[in-house]
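Participant: Let the hints inform the model, and build the full structure from the sequences given.
For reference, the chains in residue letters:
Protein chains: 2
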Amino acid sequence: MTEPTAPLRFYDLCAADPAVRFSPYCWRTRMALAHKGLPFEAIPWRFTEKGALAASGQGLVPVLLDGERVVHDSWRIAIYLDEAYRERPTLLGRIVGRAHARFTKDWTERVVHPLIARLVLLDIFACIDPRDRAYFRESREARYGMPLERVVIPPKEGIAALHAALAPARATLEAQPFFGGDRPSFPDYCLFGAFMWARGVSALELLPDPEDPVRRWREGLLDAFGGMAREAPRAVTSAAGS
Amino acid sequence: MTEPTAPLRFYDLCAADPAVRFSPYCWRTRMALAHKGLPFEAIPWRFTEKGALAASGQGLVPVLLDGERVVHDSWRIAIYLDEAYRERPTLLGRIVGRAHARFTKDWTERVVHPLIARLVLLDIFACIDPRDRAYFRESREARYGMPLERVVIPPKEGIAALHAALAPARATLEAQPFFGGDRPSFPDYCLFGAFMWARGVSALELLPDPEDPVRRWREGLLDAFGGMAREAPRAVTSAAGS
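From first to last, the protein sequence lines are chains A and B.
In terms of the working numbering, the first sequence opens at residue 1 and continues consecutively.
In terms of the working numbering, the second sequence opens at residue 243 and continues consecutively.
In short, the hints are calculated from the structure, not lab data.
Virtual Cβ for every residue (Gly too), placed ideally from N, Cα, C.
Hints should not be assumed to be uniformly reliable.
Unchecked claim - If you only want the chain A side, here are some residues facing chain B, beta carbon under 8 angstroms, derived:
id	residue
1	S56
2	I95
3	T104
4	F179
Facilitator: And the structure:
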């Protein structure tokens with residue numbers, strides 16, 4: 001077994017409450033590190049602390065630090081972890097498995113993230129550090145081409161749109177327990193990260209149908225690794241959370 | 243190299259002109275057999291010839307015949323071919339690769355097929371054998387819950403919807419040449435089969451933007467295996483075809 005010389009560390013987006021971690025991309029990395037069974041420390045980081053990431057040559061999290069190695073981007077981090085810790089459980093499989101994983105990642109980002117954003121963007125804005133708010137508003141309003149308040153739609157409508165868009169994931173999770181087959185793999189953590197993004201900042205139940213295979217799958221991953229995700233602190237005061 | 247004792251055969255949906263083959267699922271199998279480098283014969287089959295498939299225990303094509311073996315369902319056929327002809331180029335990769343491939347297949351069926359149906363369903367109806375028409379109309383109207391004529395929408399609208407839905411495929415094909423990575427694999431043939439379905443029966447260009455990475459990828463697969471797909475007969479009399 002390849003052993004790291006010290007716990008791995010990664011910069012992990014946090015809310016005004018530094019215990020609350022809600023980035024979907026950082027959740028991928030957190031789940032990936034747990035999957036590999038690697039000890040890690042998640043360093044709280046705020047949107048505007050670009051300087052802390054200078055060694056990575058860019059300004060977005062997650063950034064992984066493994067001894068001297070600095071790796072950014074959750075996809076590249078997953079590849080790095082598989083290559084550096086080859087004898088530990090695989091995240092992506094072999095060459096073809098990694099190539100096939102890419103589409104689930106891209107689908108999550110292009111289809112699922114925008115739909116979840118329409119449900120939780122104002123909750124994110126409400127819970128981030130006040131110092132991050134101007135940056136968040138400007139960067140997101142440029143991305144969506146409208147004020148944050150106009151991106152967000154009524155929950156009922158947004159949840160129905162999400163349910164419809166998840167149809168292909170539902171088909172896969174009816175055919176096999178995980179995107180990775182009998183065990184979760186990195187594509188599972190990509191889609192799961194999207195749900196953790198919402199869960200960190202909102203009490204809204206995005207998958208209200210208890211019979212939905214996507215919900216059953218999500219509940220399983222909330223319980224994985226000793227309930228790591230289920231027990232994660234949330235910036236949620238309402239009682240509606242699960 | 244494992245060698246088949248005789249050319250493999252499969253039942254392949256045909257139009258009134260038996261040279262025209264347009265089933266997206268049969269195209270997956272045809273591309274898969276070419277990918278494996280296996281000699282094959284595609285037996286023309288019409289929707290209502292259920293008796294010919296009796297050995298498979300069900301009534302849909304493709305059905306593969308390999309000596310004594312009878313395998314139905316394009317996904318199961320791909321798995322069979324990889325297992326029976328292990329030393330030939332892989333379609334699905336290993337265990338994790340196969341699991342990861344499933345989502346692209348399911349997304350093609352749940353998202354892409356319904357959008358293409360709205361563009362070509364009446365073209366299919368027009369080109370199938372007159373003996374198949376009642377079956378086709380009844381089964382498809384039951385599936386869509388409306389007359390065929392109401393499923394179909396104006397091309398401009400349908401092509402725009404397809405373009406939007408292909409966003410995640412576009413992202414993947416910007417990151418790597420094929421869903422399979424540097425080489426095509428079964429997920430490529432799943433999405434490609436959807437385009438061959440339309441191409442067999444319609445002169446409509448579904449990917450009009452010459453800079454679209456999805457179009458570039460499709461053109462490459464049309465040329466694969468000596469131009470097998472590009473040279474396939476089409477039930478198209480209009481001059482608008484590519």
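Participant: Decide, hint by hint, whether the structure agrees.
Facilitator: Checked hints:
About 20 angstroms separates the beta-carbon of S56 (chain A) from the nearest beta-carbon of chain B, more than 8 angstroms, and the hint is not met. This hint holds: I95 (chain A) has a C-beta 6 angstroms from the nearest C-beta of chain B, less than the 8 angstroms allowed. Interface hint at T104 (chain A): satisfied, since its Cβ lies 5 angstroms from the closest Cβ of chain B, which is below the 8 angstroms cut-off. Taken as an interface hint, F179 (chain A) checks out: its beta carbon lies about 6 angstroms from the nearest beta carbon of chain B, inside 8 angstroms.
Hint compliance for this structure: hint 1 is the single one not met.
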